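Undergrad: In the order they appear, the protein sequences are chains A and U.
Counting with the numbering used here, you get residues 1 to 334 for the letters of the first sequence.
Counting with the numbering used here, you get residues 335 to 668 for the letters of the second sequence.
Hints in this document: simulated from the structure, not taken from any laboratory.
Some hints could be false.
Footprint (simulated), chain A over chain U, 3 or more residues, beta carbon under 8 Å [unchecked claim]:
{"hint": "1", "stretch": "376-382"}
{"hint": "2", "stretch": "426-439"}
{"hint": "3", "stretch": "524-534"}
{"hint": "4", "stretch": "560-573"}
Only a predicted model underlies this, so the values are computations on that prediction, with no experimental measurement involved.
We put the beta carbon where it would ideally sit given N, CA and C, even for glycine.
Number of protein chains: 2
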Amino acid sequence: MEEFAAIIGVSRPTVSKFFQDPTSVRKSTREKIEAALEQYDYQPNIFAVNQNRRMTKNIGIVVPYLADPFFAEIARRIELRCIAEGLRPTLFSAHGDQELEIDILNNLKLLKPAGVLLAPLGRRSERKEIARFCQDVPTILFDSNIEDIGAAFVGSDNFQSVPMMVDYLCRTGEAPCFFEMAPINPNANKRRTAYSRAMQQLGHEPMIVRADGEDWDFEKVAYDAAKKLIETDGLPSATVLCSNDRLAIGFLAAAGECGVRVGHGPGCTLRVAGHDDHPHARFTYPSLTTIAQDYESISNRSVDKLFELIEQNGDLGERTEVLFEGRLIMRSSA
Amino acid sequence: MEEFAAIIGVSRPTVSKFFQDPTSVRKSTREKIEAALEQYDYQPNIFAVNQNRRMTKNIGIVVPYLADPFFAEIARRIELRCIAEGLRPTLFSAHGDQELEIDILNNLKLLKPAGVLLAPLGRRSERKEIARFCQDVPTILFDSNIEDIGAAFVGSDNFQSVPMMVDYLCRTGEAPCFFEMAPINPNANKRRTAYSRAMQQLGHEPMIVRADGEDWDFEKVAYDAAKKLIETDGLPSATVLCSNDRLAIGFLAAAGECGVRVGHGPGCTLRVAGHDDHPHARFTYPSLTTIAQDYESISNRSVDKLFELIEQNGDLGERTEVLFEGRLIMRSSA
DNA sequence: CCTGTTATTTTACACGCGCAAATTTTCAAT
DNA sequence: ATTGAAAATTTGCGCGTGTAAAATAACAGG
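Kindly generate the complete structure, drawing on both the sequences and the hints.
TA: Shown next as structure tokens:
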């Protein structure tokens, strides 16, 4: 920048000002600089800029597992929104690893981000570390809530969506059992609780089926468990509500392979429903009846909240929790 | 770092040396520093470090579309490998956007990465810009090749895999037609060419069916096109080889919905095969017969090549192209 | 105990920039 | 032409670190 400014015949800070806001320099200098830019393709070093700016244009996005299409899709939308606003998003995946999540947050601090959108690993996350991070950096939590941490939370309302699905399933056939893995985050817990309550409300005994497995290979865990369940006739109900679509996808695959016809039509002996409206849910066979988490709304609102937070200089006052209602998506599987 | 060093009673550069290599300082000083670290939790600012280091520990990973599970999975493996080696991977997605890809590369340069793993957008990429980038930064290309650009290429051998699949399909039934979108990258082109050649070799006339659509919403594009084709009986063959698994997944969904039974068993009227062994391919119904691109090998070899490149100081000599053979995965759909 | 060599630490400078204060320029009004 | 306020630019300093060269400390050998 020094050399570049010398060539033009102005001081370096003038060039610096130009890059921060071209209208902040006199028209004649602006034109000189722009002319020089054509020739010498100089570009400020973002990382040096970040080191010195009071407020950077960096946005951190942290998700628990990026190879999960749900997070990939949300992250994609968030990134595009940020880019459109002239901000610089950087995306991190904790890869399901708690230590890595903390590492990421520590490095993120050094990026001096204007704000961070964090979908925590959930139950496994180290609450204290995350709390400390949120104190230093304006952070919006999404997808998975941690009480009292972050400036706001944006997610979906499991206590609305799950009862709705239970109700639908009961109205249209046998009451569902609930198929889950060991709860990997608060959502999974809430969904189970919501299921149990809803069943009791309708006068049914909750029936919970748990698949073994701890990692993020949901489909495989569900597939293996479902296969065994179907073969041994171990399902407590011929209607299965899965804790999320990835489990449902694995379940459907197992059912298909066992020759069980899944769906709500005649000749079908099993109904399977999911939750999330995973990008692939409409392409399974049979297509998956599920609850749509509104990707668009969740990602948009998270970003909105973050921008608001940034403008308010890191303080939104009272912590708010925005919960979006799920929409029942009736497809073929239930 | 200044303060921290003062507290300990050494000069700042000594602390700096410690963080680069703890054994490079005297044992007594090392112990003093480590003791102080327990108390004051100081941590060097990575971005300041990067600004000054000759060689950083940064690795750039650029993929064309991260919401595609294939890339998400490859990126995940690459990231984990890098982290295990003590490097700092940063992941970028071009989101299918050519300009964004160039932007990313420009910023990546400023990160002074030790090396970059780049899966280019492909056909749409601006060859010149990417070439310039590769001249400045040690880069390994993967997935999608651009001739003569980058220090090496790691990908899969479409001219081996596609003929193998064509051969298999012909041996077991009707010769396949080829279902594709407008080729979005070199792989798509190569696969079509390989298909045509293989068909001719076996004495068949190539039959190519193209679906309309340009973006990365492959499943939907395939679904829409397949539905129309099936309803209007427009398929030139009852065996369909899809250019990739995502198209196949969309195709299967359409077939299922139209009541067409897909598979190689009795009562099936359509066979569908894919290519890539997408993470979901084994969970479709019917499960998808496809070609496995060896994720493990491709990601591992790419990383190996990159490390080699870094050690050789950015010059591997002759540009090499490593092509992995695909494995035929016989599942139920064909 | 002295000397020469090597291991370690310190000094001085560099990286690429933003920011506040001081200075200069501009321009309208007298 | 003079004045004065506002706009633009420049000066000087700071950010948090790496690195080469100079200075010091440690150590082995006589």
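Undergrad: For each hint, tell me whether it holds in the structure or not.
TA: Going down the list of hints, with the structure as the test:
1. Proximity of the stretch 376-382 of chain U to chain A, defined as three or more residues with a beta carbon under 8 Å from a beta carbon of that chain, is established by the 5 residues found.
2. Judged by the Cβ-Cβ criterion of 8 Å, the stretch 426-439 of chain U is covered by chain A as claimed, because 4 of its residues qualify and three suffice.
3. With 0 residues having a Cβ less than 8 Å from any Cβ of chain A, the stretch 524-534 of chain U misses the three-residue criterion, and the hint is violated.
4. Figure legend: the stretch 560-573 of chain U, annotated as covered by chain A; annotation inconsistent (0 residues with Cβ-Cβ distances under 8 Å, at least 3 required).
In this structure, the hints that do not hold are numbers 3, 4, in rising order.
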